[in-house]
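Given these sequences and hints, build the entire structure.
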Amino acid sequence: MNIHVTINGEEKSFPCRPDETLLRVLRRNGYFSVRFGSDTGETGAAAVLLDGRLVSADILFAAQADGHAIETIEGMSRGLDLHAIQQAFIQTGAIQSGYSTPAMVLAARALLARSRNPTEDEVRDALSGILDRETGYVKPVQAVLAAAAVLRGEDPDIPPPNVLTPIDLDPGLFGDGGPDGGGVSTPEFDGGVAARPIAPPRPKITSDIPETSVVGKPEIKVDAVKLAKGNAAFVDDIEMRGMLYAKLLTSPHAHARILDIDDREALALPGVHAVIHYKNIERVMYASGGQSYPNPPPYDQVSFDTKVRHVGDRVAAVAAESLEIAEEALRLIRVDYEVLPAVFDEREAVITGAPVIHDEPDAIGIHDAAHNVCHHIYAHVGNVEKGFEKADFVYEKTYRVHQVQQCPIEPHIAIAYWDSDERLTIRTSTQVPFHVRRMVAPLLGLPVRRIRVIKPRIGGGFGAKQEMLIEDIVGHLCIKTGRPVRLELTRAEEFMSSRTRHPQTITFKTGVNRDGQLVAQSMTTVANTGAYGTHGLTVQTVSGLRGLSTYNCPNKRFDCLVAYTNIPVPGAYRGYGAPQALFALEVHMDEIAHELGLDTIEFRRQNWVRVGDGLDIAPHLGEGEKENIIDIPIILSSALEECVELGRRAIGWERRNDPEWRRVPGKPHLRRGLGMAVCMHGTAIPGLDMGGASIKINDDGSFNVLVGATDLGTGSDTVLSQMAAEVLGVPLEDIIIYSSDTDMTPFDTGAYASSTTYISGTAVKKAAEGVREQIKERAALMLELDDWDGIELRNRHAWAPDGRSISLEQIALHSLHQDQQRQIMHTASFVSYESPPPFAGQFVEVLVDTETGQVTVEKMVMAVDAGVVINPLTASGQVEGGMVQALGYAHCEEMAYDDAGRMVNPQFGPYKIYRADEMPELGVILVQTHEPSGPFGAKAIAEIPKDGVAPALSNAIFDATGVRLRQIPFTPERVWQALQV
Amino acid sequence: MASVKNYYRPTSVAEALDLLARPGTTALAGGTRLVPRPEEWEAVVDLQAAGLDGIEIEEERAVLGAMTRIQALVDHEDLPEALRRAAHREGPNTFRSMGTVGGVAAAADPESELFAALLVFEAVVTIRSAAGGRETPLAGFRPAPGELITAVTIQTGGTAAAERVARTPADSPIVAVLGRRDPAGRLHLAFCGVGERPLLAAPEAIDRLDPPGDFRGSSGYRRQMAIVLSRRVLDALEESAP
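Respectively, the protein sequence lines represent chains E and U.
75 is the number of the first residue of the first sequence in the numbering used here; add one for each residue after it.
431 is the number of the first residue of the second sequence in the numbering used here; add one for each residue after it.
A couple of the hints might just be wrong.
[Stated by the list, open to error] According to the in silico footprint, chain E covers these stretches of chain U (three or more CB under 8 Å from chain E):
no., segment
1, 541 to 551
2, 578 to 584
[As the list claims (entries may be wrong)] Some chain E residues judged to face chain U by a derived CB distance under 10 Å, without partners named:
no., residue
3, L128
4, D140
5, A143
6, D199
7, F462
8, H743
9, Q928
10, A970
11, A974
12, V978
13, E992
14, E995
In case anyone wonders, no lab produced these hints; they're calculated from the structure.
Virtual Cβ for every residue (Gly too), placed ideally from N, Cα, C.
And the structure:
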C-alpha cells in the first residue's frame, strides 16, 4: 500500500506494508532522527508529531498516519538557522549522546505550541514519554523553560552549574560553626524547584587553580548542533546497497547441551543468505571484555558453542534480505537440546554438587571450573584476625546487591561491510574500537590490518559497550555472504543477551575501638559473573579496592570468589564494582556509628583518608592479576571535608534532629528521613589505560584533533577540544575533533574506568604542546627572532615578547605553502601510574510509607571533588545523570526471573527506569581542587555519581523508620517486609 | 504465523462492523498495545475515521466516545477530577496521545487505574454488532468477536478518592484502590493489581481476594495492600462526605 502524508510541510507518498510501523517507514525514507529504542513505545526515541501531538512512531502503523501531518526534527531548521528550542537544548547542556534529543525537542515543540508559559510540571509531563538514561532530565527541563522564555520574547534564565573552590568557603566552616555558622554564601535549595538547583555563590579562583580561557568554561558541546538537528550521526543512520539483516537465535534454556542443529529449512527460505552456528564457525576461545592486551582470563567463550549457559545465550545467527525473513528463518532452525540442571545464585553455585557450567576442556584460565569458581581474589594488609582480637567491638553484616542492566537507549548495533580494498569495516556502537579490532581479528581469521573499526556517535553505553559483543557475528556473516550485514539487538536481547551489573553477596566485618577508630576490616564477597567470566575478575578487584580504600585502617583483607551461574552475563557497568562495594561499606559504617552512638558523619570523618594518606591495598588489587605494578598511591588532592559539609548544608541535615519534620500532618503512616554516604572512586587504571592524540594545523589556523578516545555522549570530545584550544590559544570553534576510527586516529584504550578526561586529556594536552612549540618556532622564523622561548599563543595569534604578533592563519599558510614547508603536526600519548581519587558526599531525603513500604525519594544532593572542572556543563550533567542511574539501581530497577532463569521483565515499564515527571529534586555541587597529576588539575567525574545513592538511601530509610535494609532495590514489598519484623 | 496483511479505515460504524465480520480481523483503536504484537491478526480495522470520538457531558453523566483519546479525558475540565487523574496515570504523554477509552475498556489491563476509575463511575459500555446493539456494565464486559465498543457512559456525581502503592511515583501501581460515594450514598470500590483485571469489590470481600503475585508484589502483599489502601480510601470518602 501507499501512504500519503504531509511531512514537515511537504506532501509525500511512501510505499509500505500494512504491518510496518511508522518508525520503519520514516527511517527507510531518510528521516534518521526518528530512532529505535524499543518496539513497545516506552523509550520515546521514535517520537514524532502527528497532527501536532507527540506520538511514538514505533507503536504506530504507518498506515494510521495516512492522510495526516507529520513533523520530525528535520523540518525544524534550515542550515545553521536553528529553532529556539534546539538553541536552548544546546546552550543548557541538555544534550549528552543526543540519541533522543530530537524526540525531546519535538515534545517541547508540541508543548510550546499550546502554551508559551508552561510550569515546570507541565514541562516534565511533556517529556514524560521520552526516557533519558543520561541527563537526569535536569538540563532538558531547563532547556524547555529557557526556550519558552525566548519564544515569549524574554531573556532565558538558565541557572549556571555550581562550581566552588575551597577558598569560597567560610574559613570557619569546618570548625565548630554549625549550620548557621558564618555568613558565607553556601548553597541552599530554594523551595522545591528541581530545575533550578542551587543559588550559586560567586566562584573565586584560588592560587592553584590555573587561570584559563577555554578550560573551565561552560562551553557548549562540539557535537551539539548536529545532535540537536538530528543529523545522521549514529551507526544505523547509513544506507548500504544490498545490506542484509542479521538476527540472533538465542537459548530458551538456562543450561543445555546442543546435540544437533539442522539449518536446512532455514537456508532454503528465499532471501536467507547465511545461517551460522557451531557447525560452520571455527571454535576460537576468547574473553569478550574490552580490555587491554593480554585480556584478563578466563578465555571461556567461542562465537558459537555446543552448550548454552543462560537464557539468551547465542545459538545461531541468520543473515537475510529483510528482518522479517531473518525472523522467519530463526523459526525454521531445528535445535536439539539436552536440558541440564541450572544454578542462578552465586552462593549455591560454588557448593560441591552444583551443576558445572564450564566443563569444556579448552577453556583457559578458570580457577576451579569443577566448582564454578571463575576466580579467587585475595589481598590483605596487616593482620585482620589479630586486629579483630584487639578491637573493642567487632561488627559483621552481610549485604546483597542485585542484577541490573545499563539500558543505553540505543541498543548494541553493528554493521560490517567489505570496503573497496577488501578490508572488513565494522561500524559499531562501541566504547572500545581498538580493543574490538584486536579481539575480533582471531575470531574472524583475519589479520588486524584487514579490519577497520569505526565508532560514530553512540547513543549511550555505560559499560555495556565496553565489550566485543556482536562484532564477531556481523563479521562472520559478512565474510560468509560478501554483503554488508547489520545486527541490532532488540530491547529484550539487550537485557538478556548483552551485559549487566554483577550481583554480589558481601560480608563486611569490622573491628573498631570504642572511640570510633577502625582497627580491622575484612570484605568477603561471593560475586556472580553469570555464564561467562568477562570483566568478572576486574570488576571484583575494583570492588575490593573501593570497598577497602575510603577509610584508613591498619588491617584489611579482601577475599572474593567469582562464581559462574546461569544468569545473563554481567560485565562492565559505570562504577565497575564500586557501587556494589560502597553500598555494603557505607551502610555498614552507618550501622557501626549507630551501634557506637557516634554521629554518622563524625565517625566517617575520623577514619576517612586525607591528603598524604596512602591507599595501601591498591598495589594488591591492580587490574587483573598484575600485582605490584604500582607503588602505594598517595592522595594528592581531596575536598572530601568540603563536599560533606556543603552537601550537609544543601540537604538540610540538621532537620534530622527535628521530630516535627519527620511527620506529615494528617498522615501518620508517613515518615521522613535523611541519609548520607561518602564516595571515593578512581581515575583510570594505573599502568594500563593509554590514550593517543594527533593534532595538525590547517590553512586557516584551525586544527584537526584526532583521538582514539571514544565519546559515548559524555562530552569527552568537547572536553578534549577545550584542552587543545587552551594550549593553542584559540577559541573552541577552531578545533575540529574526530573520534574514533582505527584507521584514522591514534590508539586509545577506550571510554571506561573514568579515564578519558585524565588520560586522553593529557595526551591531547601533550600533543597540543608539541604543536605549540612548532608554531612558536615558525613564528620566530617569520618574525626573525633568534629564539622562541618568549612567544605566547593567544587570541589566534603568536605574540612575541616585543609585542609584535602574527596570526595562526599566516603561520599555517607560511608553513604549508611559502617557505621551508612542513606540516605543523604532533602526536603524543599518555599512560599514568597514578589514579587520583575523586571524592564526594551523597545525601538523600526520603518519605517512607510505613504501611505499604513505598519509598519516595524527595531530594538528592551530591557534592563532588573532581579536581579542576574542565567543563561545568558537561561535568554537572555527568553527575545529574549518574545519580539518577544510581537511584534506579537502589530503588526500582531489577532483572527478575522465573524459576527456569527466564527474565520476566525485559521491557521498560516492568523494568522500571525513572521518567521526567517523577524525579526527585536534584542538586549538584562541584568542589574544585587542583590535582597535580591531572591535565589542568582535573580528576575524573564519570563514575563517582554511581557510588553513593544506594547506601545513602538505605541510611535515609533507617533514619526514617529505624529499619535497616541490606539488600537493594528498595521496592515496596521488600521495605514492607522489613517493617513487619 | 500470520501477520497483518490488510489495513482498513472505515468511515462508519456499519462499514466497520462489515469488515470486522471477516476472519482474522480486529479493531484497531490507538494501537499502543496492538501494534507491537499484531501477530495473531491478518487484518486491522482502524476506527479513527468511524466517528466514534467525542465527549458529551450531560447532567450527572458523561458519554465518552470509544475513540476518545485518553489525553482528551485529562484535558476535559467538566469530567470528574478522579477520572482525569486516573487518565493521566494511564501512561506517559506519548501513550495518552494515541490510546483510547475503548481500548482501555477492551484491554482491561489489571494495572489500569483508568479502567478502575471507569468502574467506580459505574461505566456502561455501548456495543454495536451486526445483530444490533446492547449496553452492558463495564465490570462484566468481555469483548466478543464481531462486536464493537462505540461508547462508554459514566455517572459523574458523587465524591471519589484514590490510593496506590508503586515502586516510583509514575510507575504502574502494584495495587491501587479507587473509591466513590455516589449521590445516593452507595459505595463503589475498585481495585487494580489484585486480579486478572481491575475489579469492583465490597470492603468486606477484600479478605477473600486471591491476587496473582509477581516480582513486584506477592499475592499476600497485594491482599494486605488492598486492605490498607481501601481503608485509606474509605477514610478519605468519609472526610469528604457532605
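Results for each hint:
1. 541 to 551: violated (count 0)
2. 578 to 584: Since 0 is below three, the answer is violated.
3. L128: Check passed: Cβ of L128/E comes within 6 Å of chain U, closer than 10 Å.
4. D140: 7 Å, holds
5. A143: At about 14 Å, which exceeds the 10 Å cut-off, the nearest Cβ of chain U leaves the hint on A143/E violated.
6. D199: 6 Å, holds
7. F462: 38 Å, violated
8. H743: At about 8 Å, which falls below the 10 Å cut-off, the nearest Cβ of chain U leaves the hint on H743/E intact, so it holds.
9. Q928: Status holds, d = 5 Å.
10. A970: 4 Å, holds
11. A974: Violated, about 14 Å.
12. V978: 6 Å, holds
13. E992: Holds - the Cβ of E992/E comes within 10 Å of chain U, reaching about 4 Å at its closest.
14. E995: Violated. Min distance 13 Å.
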